[in-house]
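Enquirer: Protein chains in written order, with our numbering: chain E, 1 to 293; chain S, 294 to 638.
No lab work stands behind these hints: they were computed from the structure.
Small disclaimer: the values here were computed from a predicted structure and weren't measured.
Beta carbons are placed, not taken as given, at the ideal position from N, Cα and C, and that holds for glycine.
Treat the hints with caution; some may be incorrect.
[Stated by the list, open to error] The following label-pair restraints were derived from C-beta to C-beta distances: (1) E:Thr54 - S:Gln450: 49 to 57 Å; (2) S:Asp330 - E:Gly133: 29 to 37 Å; (3) E:Arg271 - S:Asp330: 41 to 49 Å.
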Amino acid sequence: MRRPAALLALCAALVASTQALAAELPQRWVSAGGALSEWVSALGGEPRLVGVDTTSQHPESLKGLPSIGYQRQLSAEGILSLRPDVLVGTEEMGPPPVLAQIRKAGVRVELLSSKADLAAVDANLKQLGMLLGAEQKAAQLAADYHQQLEVLQVQVKEAQASHKVPGVLLLVGHAGAKPLIAGQGTAGDWVLRQAGGRNLAEHQGYKNFSNEALAALDPDVVVFSDRALVGEQALQALLKENPALATSRAVRDKRLVSLDPTLLVGGLGPRLPVALQDLAAAFYPAVKVSFTQ
Amino acid sequence: MKQRVQPRTLIICLSLLCLLAVWLSLALGPVSLPLFDTLRAGLRLSGLRIDGEGLQQAEMILGQIRLPRTLLGLAVGAVLALCGVAMQGLFRNPLADPGLVGVSAGAAMGAAVAIVGGSWFGGMPEAFAPYLLSLCAFVGGLGVTALVYRLGRRDGQTNVATMLLAGVAMTALGGAAVGLFSYLADDATLRTLTFWNLGSLNGASYDRLWPLLIVAASVALWLPRRARALNALLLGESEARHLGIEVERLKRELVFCTALGVGAAVAAAGLIGFIGLVVPHLVRLLAGPDHRVVLPASLLAGGVLMLLADLVARLALAPAELPIGIVTAFIGAPFFLVLLIRGRS
Numbered sequence: 001m002r003r004p005a006a007l008l009a010l011c012a013a014l015v016a017s018t019q020a021l022a023a024e025l026p027q028r029w030v031s032a033g034g035a036l037s038e039w040v041s042a043l044g045g046e047p048r049l050v051g052v053d054t055t056s057q058h059p060e061s062l063k064g065l066p067s068i069g070y071q072r073q074l075s076a077e078g079i080l081s082l083r084p085d086v087l088v089g090t091e092e093m094g095p096p097p098v099l100a101q102i103r104k105a106g107v108r109v110e111l112l113s114s115k116a117d118l119a120a121v122d123a124n125l126k127q128l129g130m131l132l133g134a135e136q137k138a139a140q141l142a143a144d145y146h147q148q149l150e151v152l153q154v155q156v157k158e159a160q161a162s163h164k165v166p167g168v169l170l171l172v173g174h175a176g177a178k179p180l181i182a183g184q185g186t187a188g189d190w191v192l193r194q195a196g197g198r199n200l201a202e203h204q205g206y207k208n209f210s211n212e213a214l215a216a217l218d219p220d221v222v223v224f225s226d227r228a229l230v231g232e233q234a235l236q237a238l239l240k241e242n243p244a245l246a247t248s249r250a251v252r253d254k255r256l257v258s259l260d261p262t263l264l265v266g267g268l269g270p271r272l273p274v275a276l277q278d279l280a281a282a283f284y285p286a287v288k289v290s291f292t293q
Numbered sequence: 294m295k296q297r298v299q300p301r302t303l304i305i306c307l308s309l310l311c312l313l314a315v316w317l318s319l320a321l322g323p324v325s326l327p328l329f330d331t332l333r334a335g336l337r338l339s340g341l342r343i344d345g346e347g348l349q350q351a352e353m354i355l356g357q358i359r360l361p362r363t364l365l366g367l368a369v370g371a372v373l374a375l376c377g378v379a380m381q382g383l384f385r386n387p388l389a390d391p392g393l394v395g396v397s398a399g400a401a402m403g404a405a406v407a408i409v410g411g412s413w414f415g416g417m418p419e420a421f422a423p424y425l426l427s428l429c430a431f432v433g434g435l436g437v438t439a440l441v442y443r444l445g446r447r448d449g450q451t452n453v454a455t456m457l458l459a460g461v462a463m464t465a466l467g468g469a470a471v472g473l474f475s476y477l478a479d480d481a482t483l484r485t486l487t488f489w490n491l492g493s494l495n496g497a498s499y500d501r502l503w504p505l506l507i508v509a510a511s512v513a514l515w516l517p518r519r520a521r522a523l524n525a526l527l528l529g530e531s532e533a534r535h536l537g538i539e540v541e542r543l544k545r546e547l548v549f550c551t552a553l554g555v556g557a558a559v560a561a562a563g564l565i566g567f568i569g570l571v572v573p574h575l576v577r578l579l580a581g582p583d584h585r586v587v588l589p590a591s592l593l594a595g596g597v598l599m600l601l602a603d604l605v606a607r608l609a610l611a612p613a614e615l616p617i618g619i620v621t622a623f624i625g626a627p628f629f630l631v632l633l634i635r636g637r638s
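Input sequences plus hints: build the corresponding full structure.
Expert: Next up, the structure:
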C-alpha cells in the first residue's frame, strides 16, 4: 500500500517541479565565488542572495549576508539552513561529498567556470542570466565586457608598438611583509599581460622571493596588491619591509601601482576592465590616448 | 590519595553522557528541525512504519548528513582515545600521544602527496580518485610507523626510547616534506592542505565510513583484552616479563593497533589533535591507572568529547563551519595546562 502511494507522490512531485521550473525561477540564491557573486549583483540578483562565501567581498553590501565559509570547505547543513533554491559556484567549490548531500536535499547546484578567459565569462553570464530571468541584461553585459577588453587590447598593441614594453612585477603581500611574486600561469600574470606589461617573474604560481633576486630583476613598474592595507599605507609598508626595492628603477621613477587583491581570485569579474585600464595607463604614461572609454 | 570514582559509576555515567551526546549530535544543527520531526524521522529511519508526511527534509538531514557524521565522530573519537591509551601505556609516559610513533606525520605526508601531487599521477580511474587522499594518508601513516618501529628494534628487542626518538625525527622529517609540498602547491591546493591538517567531520558519507567502523570495532574489541598486560607493563618491562607477559609481542601489537587505528581515523577525518592526549589523562584522573577501566572509559569519553567538539564546530559559525581540529585544540590545550599547574602545586 505504501509503495504505490509513494510512487504516485513522486510522480506528482516530478510533474509539479518541472512545471514550477518553467514557471518560476529560483528565488533564494547562495553564491560561492567572488566574481560570480559580483556578476549576480550586476545582473540585479542581489536581493535574491541569502548567503555568500568568504571570497564574495564585492559589492560591499554582500558582507552583510550570512557567510557560508570558504568555498572549498562548505558545510551541507549550514547551506541547507538558508533554505536556498539554488547554489551557484565555480568548479573550485567543494568538497564533493558535501555538494552531493546538497543535491540530494533537492537544492539545484550550478557549477560555473572560474577560468580566466572570455569564453568562461560569456558562458557564466548566459547561465546566470537564464537563472535570474535576465537574459537580455546578461547578453548586454557580456557584449560590453567584450568590447571594453577588445578596445583595450587594440590600444595596448598600439602602445607596445611605439613604446618600450615595461618589465613588471606583481607583489602580493600582507601589510608589506614577505610579498609573494605572481609567476607564470597565475591570474596576476594574466592581468599584467592584458594591461601590456611583461611579467619578469618566470616561476610557476605565487612564490616567495629573496630580496637579492628582487633587486636583480630590477622592474620598471611594481604592481602591489596588499590584503591588509590600502593605498599609500600599503606602499609605505612595502618599501619599509623590502629595502631591496628602493634601488629598483620602479621606485626611483616612482612607478608603483596598487591593485585590488580581490580581483585576482575566482575568475574574471565585472570590475576587471576598469582595473586593467588603470594598469595600462600606468604602464604607458607617455601614451597620449586615454585607455578609459 | 585522591578520591576516585568507582569504575562502575564512571562507565555508567560515561555511557549516559555518550547517549546524550549522540542525541544532541542528531538533534542539533544549523537547520533547526522541530524535536517531534526529528523523533519521527529517526523512527522512520530505524524501520518503523509511521506516517511520513512532510518528513522528507528531516529524514534526509538526519539520515544523510547527521547520522553518518555522528557515527564518524564517535568512531574517530573512540579510536584516537584508545590509541592514546595504548601509546601512553607503551611509553609509560602520560605525555605520549598517538602521533609519537610517526603515524600522524606519515599520514600528513601521504595527504600532502595526494593533494599536491594528485595531478601528477594523472590518468587515474575515475572511481578511485575520491579515495586517493584517504588511501595515501592511511598508507603514509602505516609506512612511517613501520619504519619507526623498525628503527627501534635491535637484536630482536624493541627499545622504546630509541623508538620515541626515531618518532620525533620522523615527525620532523614528515613536517619538512609537508612544507616542501606546500611550497610546490598552488593557492587552491594549499588551502585544501591547510584545511585537511585541521580535520573535519564535514561531508561524512556511508561509503567512507565503513572501513573506519570496521577498524574502530576491531581496535575497540581487541585492546581491552590486553588491559592486564598493559597494567603489568606499567611496572616496567622486565617486571612485566617476570609476570609472564610476552612484552615484545605486546609492544608490536600496540604499535600496530595505533598505526591502524589512527591511520584509519586520520584518513577519514584529517588530523585531529589532543583527543588522544587529553582523554586518557582525564579518565586516569577520575578512575586511576587500571587499564581495565581506562580503556573502555576512554573509548566512551573520546566519542563524547569528539561529538561535543563537533557540535561547537558546526554551530559556532553557522552556516559556515569551523575545522574541528581548532575546537579540540582550544578545549584540549587549556585543559592540559590546568593539569600541569595542578600537578605542580
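Enquirer: Each hint should be assessed against the structure and marked as holding or not.
Expert: Do the hints match the structure? See the list:
no.	hint	in the structure
1	E:Thr54 - S:Gln450: 49 to 57 Å	holds, 54 Å
2	S:Asp330 - E:Gly133: 29 to 37 Å	holds, 34 Å
3	E:Arg271 - S:Asp330: 41 to 49 Å	holds, 45 Å
In the structure shown, no violation is registered for any of the earlier numbered hints.
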